[in-house]
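Visitor: Sequence:
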Amino acid sequence: MRPDLYIDDYRPADRAALYDVCLRTGNVGADAGPDHEDRDLLGHVYLGPYLELEPELTLVLRAAGSGGPVGYAVATADTATFEAACEERWWPPLRAHYRARPPRPGSADARLVRMIEDGVRTEGPWLAEHPAHLHVDLLEPARGVGAGRALLTRLFAALEDRGVPGVHLEVASANDGAVAFYRRLGFTVVAERPDSLVMARRLAPAAVAS
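Numbering (UniProt numbering), first residue to last: 1 to 210.
To be clear, the hints were calculated from the coordinates, so they are not data collected in a lab. No false leads were mixed into what you were given.
Cβ-Cβ distance ranges computed for the label pairs, FRET-style:
id, residue 1, residue 2, range
1, Glu-160, Ala-100, 39 to 49 angstroms
2, Glu-123, Met-1, 27 to 37 angstroms
3, Pro-3, Arg-111, 38 to 48 angstroms
4, Gly-124, Gly-163, 12 to 22 angstroms
5, Arg-121, Arg-162, 21 to 31 angstroms
6, Glu-56, Ala-16, 14 to 24 angstroms
7, Pro-3, Pro-194, 37 to 47 angstroms
8, Gly-146, Ala-30, 14 to 24 angstroms
9, Ser-196, Arg-162, 25 to 35 angstroms
10, Met-1, Ser-107, 33 to 43 angstroms
11, Asp-78, Ser-196, 17 to 27 angstroms
12, Asp-40, Pro-3, 31 to 41 angstroms
Every residue, glycine too, gets a C-beta built ideally from N, C-alpha and C.
Construct the entire structure; sequences and hints are all you get.
Guide: As structure tokens, then:
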């Protein structure tokens, strides 16, 4: 990884900057800002619940000097437990907010609000062996310099320390670069969806004391 980048723990003061990274990488790695009138919505769906519910599994990639975030990786060790916590604590206030302030019908924002209304439930035969899941997003200057691999290597170690046997993620099938990156890290395709792939990787969990 380049010497002007470093990995750090998440701080609550990072939230707005990380939401901005999420938005600026939200269109298959490109800037999704022009697609969204509400610039927080993408972060509410794909980032916020991890910062709120699993902050200890959030890693921030910072630029030396400024310390400003230029990327991040987030994870949960147990997808089913995480999704239940989202249903109890994360989605309800957002549902109330957007019912009172609905987005323009047919917009990209409306599609995200539908996701908030529906909630998220992950199912698949691969989930038992790969209960963790993760997301990683990097701004363009931080790509191709080993930062993504460094972030995920640290995240894998944190999951292994918790005794997690495997991790999965979902990636747009059109994002050839991301798919190739995950394959290099040992992920394989375990399910195909209309516009995305579910990829999974086994971990080497530490023994967890009973």
